[in-house]
Amino acid sequence: MTQSVIKLTVTAEDRRVAWLATAAVGLSLVDAAIPSPLPGVKPGLANIVTLVVLARYGWGTAVWVSALRVLAGSLLLGYFLAPGFFLSLTGTTLSLLTLGAAQHLPTRWFGPVSLSILAAFAHIGGQLLLASAWLIPHDGVFLLTPIFAGAALVFGTLNGLIAAKLLAETASAETSP
Amino acid sequence: MKSWLALIRPGDWLVLLGSAVLVGFSVPVFWQGGMADRAIIRQEGKVFAEVDLKARKQFAVGGPLGTTLIAVEPGRARVVSDPSPRQYCVRQGWLMRPGEIAICAPNRVSVQIAGRTKVYDSISY
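From first to last, the protein sequence lines stand for chains B and F.
Heads up: the first sequence begins at 1 in my numbering, then just goes up one per residue.
Heads up: the second sequence begins at 178 in my numbering, then just goes up one per residue.
You may find that some hints are simply not true.
[What the hints assert, rightly or not] Interface residues of chain B toward chain F, partial, derived using beta-carbon atoms under 10 Å:
| id | residue |
| --- | --- |
| 1 | 39 |
| 2 | 106 |
| 3 | 108 |
No lab work stands behind these hints: they were computed from the structure.
Since the structure is predicted, the reported quantities are computational estimates derived from the model, not experimental observations.
Virtual Cβ for every residue (Gly too), placed ideally from N, Cα, C.
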């Protein structure tokens, strides 16, 4: 019998993505535990991780972390491949694309708060479009748009502020050790 | 509080303000028409009855396939039964918002909810 050993080499980058994704999954569990008056209105705390990762390690790592978060989060909360999973996936994909475009905005003027707000709007926009195209083929879905948009603005701003705070603190910790 | 405000850059204020305006404008766009107060029942495109959504009433409207039953209740209306093969208008359930319409095309009957302000005025006339 021949012994074959399959060895996976784990790079430092892999470890980092795994850690960051774990943090994001943890935050999406917290998110799910927070009671919400309306399904779909959630703080989206995991986006704080996405924003920090985007600023520190770039868009590619942010995509990895978000994809793992959606996958692992849905498995843990038990909605993998259920409609909620596809809503989450569409929202995340659109907000990542938006972030990919928005990160090229001049950083002197536009900080994490802008990115967070734009990403939040892309997230809810993607979810509404998928919901109206697939789940609820009726214009009634859009009746909730003002509520969702308002929530996106509020939570987008808050998450952006938290991400900006984290980034500012880690930056000052590195420059003045 | 002050240290948090320092995290918002000039462009961020712009994005914040722009989004707030957008959210404000989205309210009248998506919540147009006001309250539902009438149901308009049409047969062959002509108005069969125009009912205030106040009392509980039932209407039987005849068409080429048979009779369509329409129920009106305070604030809402629906098609109860219809001889159409695919039952789209029945499955739409209760109509509550101005502009909502259930069309039983095979039997040429429709129910539409109207509010104080007519939503599709410029298109209809």
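Hints versus structure:
1. 39: violated, 18 Å
2. 106: At 7 Å from the nearest chain F Cβ, residue 106 of chain B passes the 10 Å test, so the hint holds.
3. 108: Cβ of residue 108 of chain B sits 7 Å from chain F, so the hint holds.
Checked against the numbered hints above, the structure violates only hint 1.
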